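Just so you know, the protein sequences line up as chains A and B, in that order. According to this note's numbering, the first sequence is numbered sequentially starting from 1236. According to this note's numbering, the second sequence is numbered sequentially starting from 321.
Be aware that one or more of the hints could be misleading.
Claimed, not checked - 20 Å max Cα-Cα, derived PhoX-like pairs, lysine-lysine:
#1 A:K1735 - A:K1696
#2 A:K1281 - A:K1346
#3 B:K559 - A:K1735
#4 A:K1726 - A:K1809
#5 A:K1731 - A:K1809
#6 B:K559 - A:K1896
#7 B:K563 - A:K1899
#8 B:K563 - B:K385
#9 B:K329 - A:K1896
#10 A:K1376 - A:K1754
#11 A:K1683 - A:K1442
#12 B:K385 - B:K329
By construction, these hints were calculated from the structure, which means they are not laboratory data. Bear in mind the structure is a predicted one, so any value in this text is a computation, not a measurement.
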Amino acid sequence: MENSGWGLAGCMSEHFEIAIIGAGPAGLAAAASAAHHGLPHVLFEKGEIANTIYDYQLRKHVMAEPGRLPLRAHCRFEAGSREKILQEYQEDLGRLKANLRRAEVLRIEKKGETFEVGYQGGTCTAKHVILAIGVQGAPRKLGVPGEEQGNVAYTLSDPGAFSGKHIIVVGAGDAAIENALALAEKNTVSLVNRGTEFARAKDANSKLILGAIEGGKIRCFYGATVARIEPQSAHINTPDGEVTVPCDHIIARLGCVLPRKFLETAGITFPSPDPNAVPSVSHRYESSVPGLYVLGALIGYPLIKQAMNQGYEVIEHIRGEPVQPADQPLLEERFVGLPGGFAENFPKISANLPLFKDLSAPQLREMLIDSTLHLKEPGAVVFERNDYTDTFFSVVSGAVEIEIGLGRTIKLGQGQFFGEMGLLSGRRRVATVRVAAPGTLLLETPRKQVLKLIASVGSVKRALDELFMFRALQTAVFPDTPEPFLQALVKRAEMKSFKKGEVIFREGDLGDAAYVIRKGSVKVSRLAPSGKDIARTYVPAGSYIGEMAVVSEEPTPRSATCTAAVACDLIALKKDDVIQLLREFPDTRASIHREVDRRRVQNAMADWSEEAGSLLDFMMQQGLSDAENVLLINSDLCVSCDNCEAACAATHNGYSRLDRKGGKSFASIQVPISCRHCENPLCMTDCPPDALTRTPSGEVIIRDSCIGCGNCVTNCPYGVIKIVYDKASDGFSLRALLGLAKKEKGPAKAAKCDMCASLPGGPACVRACPTGAAMRVHSSKLVEIAGLKRI
Amino acid sequence: MQETFISYKRFRWLWITAVGLLVCTTMYALNSPVGGNNGGTALGYAFGTIAALGIGLLMAYAARKRAYRSSLGTVEGWLAAHVWIGIGLILLVPLHSGFSFGLDVHTTAYVLMVGTIATGIWGAVNYSRLSGKITAHRGGATDATMLERIGELGKQAEALCAGKSEAFLQVYNAFDVPLDLSLWSIIVKERHPSVNQKAAAVMLSVISDAEQRDAIAMIGLLDQRLDLIRSLLEQARIKALLKLWLYTHIPLSCALCVALAIHIVVVLFYR
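With the rest of the complex left out, here is chain A:
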């Protein structure tokens, strides 16, 4: 112990201007500032200085994110090795003569104007307390059967200790990514990512892990969770069903649980009971207890540079110096050009947008720095129906109108939000939105930022989930029902996810719920007189299933079996709730009964064909129910001349983007390996330069900014994307005609069907088919193609 602050007697009566708890980046920066200004202070640390960095893998390269943000502190920090950063911290503390005390703080109590800080070995008083203890203390557990076995760990200090093992790393944050990458050097590593992206990770880490996954070094399960653990293996729930992976060790890096109880006993309040909620703090990081400041990861700020800036700012504030947060210029930039500028408009945002009320001031600032403000006049189009943009909008002031079709509109005012469908990956905009009030101020937030907030702020997730349900019910199911009915229904509704192939309900079961399909599509099948289960139709997202069984007050058996055709998110409406609500809203009841009766008649008229049903089943197995525009070939007409492939190659630099023979076929349909321009394009999941995009007319295309990383090739379940190298030819030349022109190897680029966007006549494959066998269709035509009546 190099510091001499252990004396018991001396501490009893000690008083400091500032007591700083936790010598992480925030606490260190605060102590450095206090020492620099000669303020009487004490810095408590129960473990090592910068404990989290200390626990990093040896020689780990520590990043200085976010790159744009300047550092303001009296101690040094820049990207570099773990050792260099720790040494600099030590040196700077010594140079500034910061008062470090190695002790664990046990309680903080406010007595009048001062705080009493009780720690292991003494008590002291302080005028201000800065709490910067981070969240590393309590790791979040997996909570699955088998976890109690000795092969699950929540930290990893020396990846070199493992070799030749099967290791599963759980998590999608920086810790999980770094552990997985380090372990993959000598072990077989699988990564279990609950989501479909690495949205929470630093960009650099995200690129590294995607590269490793693409290179086959690490196997990644997206949308997956650990189901249970056995001594030599682990069962993982994936969107395609449960898989068993050999497993010697599991490293779970699921983040940490906030030491909420400790904070609450100090008097700090939280905005919600949500376990993910962070304490409310002012823009000066002051908690609900005056004089008690909370910094860093505790308030949702896990990055080193941000935490250090906060430490600096707090000391300036305590000294009575006017200080702006370091990101202030970046933030103010967003308000340039608005009447009233930053000063008038910034407060409006938190005051007018209840969705973001639980965001801490720093979270709000970060969200705003990435967002754009639009001041618009009535009539201006925010976006059009069927556009493929994916940003999220909030109405800061003014109003907008959503056109939901048939001349009906929904008006949204201040504090409401829209564009939430864009958050469900690449779905089209379902309605046109226009500005409806003069001087309407809209906040446009990128999808990635909102996903980050959904992941970290419970109230944002809940509010968006409820909005999804409400809009889905309103636009798809009950357009004419009164809002109170829908709102009541939403309150009682539940979100349910189903894996591909999972049965939602079976024919003959008594119906206990109806479902609205929020994402994915559902196969409807019925038992034929022969006893075979035959696919009858499929139901796309935005529509509903199972309604017949729940509107009748009698117990009603299901008339068909419903199975998830792709991974689905459904909104479940319980029968009891629906019945009860329908009693309260007799008008709605009548109109819903009419709709249900109409479906019954359709069902009774529907035809039976095992052959057609099997063909529909085949097409759904090929994932075609998710297709916006897919090339199919009618086997009754195809003469295998392959003019389609020749046309594709001739119009795409010599590389055909379709492989007719390589695809699957059944009965009269061949499904070539060729892009389907999916409704939920998985290829777009992780494109570092954002080169994969949807054009306003719906094609999924790859822009020139493609860096050839191959993520899309890995993520596409249909194998339709290839990496190509050739440079574009310079056109016709004699050398080229004679085959003498040297083919220069260009940079790697991902290539796939672009629907011949540059050709006035449309896709060359279809127009080059001499027999009319090639066709391009939307998933809504599958039922017809199978030869079934549309129901």
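Fit chain B to the given chain A structure using the hints.
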């Protein structure tokens, strides 16, 4: 019935051709030039010009089929026009010549044209009849999987012969027909007949009881193998027929072009 290149847009090109021919035939019937109808009359020249333009259009199909960036109609539409206008020429050309034929370059051009059209019809019929019969297009076995299975069955049968009697080997030799994928074998179907049951029964009667079970198993395997060979050859035959007609159609059409050019030059400059 689903639309094909023949019924394209409700037989649009059949109707256009039929109406055109009806008009031409009517004009021909009403026309009574001095010296009778022949290619030298005004109407004869008119019909000749139309027919030559028609042939030009048919030849242009080859160019359109390869002009992959073209937005001038679809290849299917062009093929429909190609088929029906081509058939129409069989009647239009005699109207042009006043049904006069002889042993000369002019009639040679007509014969080549009819030959081209006939092979074209053969192709159209093949396309229509055979296109749905390619099993690999319908989720069935591909050539590669069939070949692999044929090999496996042959090996299994061969394996059963190890250490067996002469009589046993005779059965094997009788039904182990070598795989012949030559064009001749594809065209003449019966090169790989199924196992002859009577002959097999006779051969089995001289095999010892101990070898009976294996012999029957082997015959089963060889019969399966032969069935599969016939399926493979049937697929090969279909694919060959879908291409073979082109090897007659294209050379004939080239010859037609030459003959047509000679015909035009002779008519215009030497008459």
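Each hint tested on the structure:
1. A:K1735 - A:K1696: violated (24 Å)
2. A:K1281 - A:K1346: With Cα atoms ~24 Å apart, K1281 of chain A and K1346 of chain A exceed 20 Å; violated.
3. B:K559 - A:K1735: violated (38 Å)
4. A:K1726 - A:K1809: Since the Cα atoms of K1726 of chain A and K1809 of chain A sit roughly 11 Å apart, the hinted pair holds (cutoff 20 Å).
5. A:K1731 - A:K1809: Cα-Cα ~12 Å, so holds.
6. B:K559 - A:K1896: holds (14 Å)
7. B:K563 - A:K1899: Between K563 of chain B and K1899 of chain A the Cα gap is close to 24 Å, so the pair fails against 20 Å, i.e. violated.
8. B:K563 - B:K385: holds (16 Å)
9. B:K329 - A:K1896: violated (28 Å)
10. A:K1376 - A:K1754: violated (29 Å)
11. A:K1683 - A:K1442: Distance ~15 Å between K1683 of chain A and K1442 of chain A Cα, so the pair holds.
12. B:K385 - B:K329: At roughly 19 Å apart (the allowed maximum being 20 Å), K329 of chain B and K385 of chain B satisfy the hint.
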